[in-house]
Amino acid sequence: MLKLAVPTRAETFERMREPLAQRGIEVSHVRTDERTIAIADSPFDEYDAGFVFPPRLAEGGVADALLGVPWVNGREAILRSRHKGEALAHLSQAGVPTPETVVVSDPVDEADLRAAFEQFDPPVVVKPNATTRGVGVAKAHDLDSFLGVCDYLDLVHDYRATGDQSFLVQEYLPGARDYRAMVVDGEYVGAVERRLPEDALASGQWKHNVHRGAEATGVTLAPDERELVRRAAAALEIDYLGVDLLVTDDRTVVNETNARPTIDSATKYEDGFWDDVAALIEATAASQ
Numbered sequence: 001m002l003k004l005a006v007p008t009r010a011e012t013f014e015r016m017r018e019p020l021a022q023r024g025i026e027v028s029h030v031r032t033d034e035r036t037i038a039i040a041d042s043p044f045d046e047y048d049a050g051f052v053f054p055p056r057l058a059e060g061g062v063a064d065a066l067l068g069v070p071w072v073n074g075r076e077a078i079l080r081s082r083h084k085g086e087a088l089a090h091l092s093q094a095g096v097p098t099p100e101t102v103v104v105s106d107p108v109d110e111a112d113l114r115a116a117f118e119q120f121d122p123p124v125v126v127k128p129n130a131t132t133r134g135v136g137v138a139k140a141h142d143l144d145s146f147l148g149v150c151d152y153l154d155l156v157h158d159y160r161a162t163g164d165q166s167f168l169v170q171e172y173l174p175g176a177r178d179y180r181a182m183v184v185d186g187e188y189v190g191a192v193e194r195r196l197p198e199d200a201l202a203s204g205q206w207k208h209n210v211h212r213g214a215e216a217t218g219v220t221l222a223p224d225e226r227e228l229v230r231r232a233a234a235a236l237e238i239d240y241l242g243v244d245l246l247v248t249d250d251r252t253v254v255n256e257t258n259a260r261p262t263i264d265s266a267t268k269y270e271d272g273f274w275d276d277v278a279a280l281i282e283a284t285a286a287s288q
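For the sequence shown, the residue numbers in UniProt numbering are 1 to 288.
Derived by calculation from the structure, the hints in this document are not laboratory data.
Fair warning: there could be bad hints in the mix.
Quick list of the computed label-pair ranges, beta carbon to beta carbon [stated by the list, open to error]:
no.: 1; residue 1: S287; residue 2: I37; range: 22 to 28 Å
no.: 2; residue 1: A283; residue 2: E227; range: 22 to 28 Å
no.: 3; residue 1: E227; residue 2: Y152; range: 25 to 31 Å
no.: 4; residue 1: Q119; residue 2: E46; range: 51 to 57 Å
no.: 5; residue 1: E18; residue 2: D224; range: 23 to 29 Å
no.: 6; residue 1: M1; residue 2: D249; range: 48 to 54 Å
no.: 7; residue 1: R56; residue 2: D250; range: 49 to 55 Å
no.: 8; residue 1: A283; residue 2: P174; range: 54 to 60 Å
no.: 9; residue 1: L57; residue 2: H29; range: 16 to 22 Å
no.: 10; residue 1: G95; residue 2: G24; range: 45 to 51 Å
no.: 11; residue 1: T267; residue 2: V108; range: 42 to 48 Å
no.: 12; residue 1: E110; residue 2: L79; range: 30 to 36 Å
Note that CB positions come from ideal geometry on N, CA and C, so glycine has one too.
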């Protein structure tokens, strides 16, 4: 039986254990953070492959050296998708449509912030470069509100240990439908639409993140949307990828990508989803 090391114990870990076991892959949790590790004597068992490089890159690098396994989404793949500005820059250069975006590297003069804001028709979306689940994302309807959000970010960035000191300013697409599509080994394997309940929308909420109360419903994307998803994964050269689409009546853009996407219920994906995931893991293990 092929042995798979998985560094996290979130939803995906629990959902993948049984279906992969049925396909000859034993899934085990390998704890790489919030522990002590003596590097002279590896505490890890032997594995054939790893499933997504650990979320803490520094400790993950230690575990990677000691495990010595090939990864479905190794360190470089995670880095290409982790910072939203970098991923969007790669996608834009590859001809993949993305939202109009300005990347701000703090600190900058207020004149530069004003110039960035004036490139858009308000409101604008202000988004940290490296967070998930909608954390820290704000919408600013006027210049004063925008500068206020930037002031808060500037205060946060004064603590140099935060590392990343950049954020994105993006156009807001009102009424856009929000889809998370999944790609496995270059192929589209299904999608969900993420949508807030009507009462949440009526109260003014607008971020369609599942962790903020949105519901994920399995959907079938149109052929051109599927092709766009495949193009995004190919441009980033990432085998296992979540691709977030914003779709309006006249535009479809890739808003974000996630090289560590949560797997939803398999009923929301195409037939053969777990076969495709298992095949990618087996191919990764064979690549060593």
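Checked hints:
{"no.": "1", "hint": "S287 - I37: 22 to 28 Å", "verdict": "holds, 26 Å"}
{"no.": "2", "hint": "A283 - E227: 22 to 28 Å", "verdict": "holds, 23 Å"}
{"no.": "3", "hint": "E227 - Y152: 25 to 31 Å", "verdict": "violated, 39 Å"}
{"no.": "4", "hint": "Q119 - E46: 51 to 57 Å", "verdict": "holds, 53 Å"}
{"no.": "5", "hint": "E18 - D224: 23 to 29 Å", "verdict": "violated, 35 Å"}
{"no.": "6", "hint": "M1 - D249: 48 to 54 Å", "verdict": "holds, 50 Å"}
{"no.": "7", "hint": "R56 - D250: 49 to 55 Å", "verdict": "violated, 41 Å"}
{"no.": "8", "hint": "A283 - P174: 54 to 60 Å", "verdict": "violated, 42 Å"}
{"no.": "9", "hint": "L57 - H29: 16 to 22 Å", "verdict": "holds, 19 Å"}
{"no.": "10", "hint": "G95 - G24: 45 to 51 Å", "verdict": "violated, 39 Å"}
{"no.": "11", "hint": "T267 - V108: 42 to 48 Å", "verdict": "holds, 47 Å"}
{"no.": "12", "hint": "E110 - L79: 30 to 36 Å", "verdict": "holds, 31 Å"}
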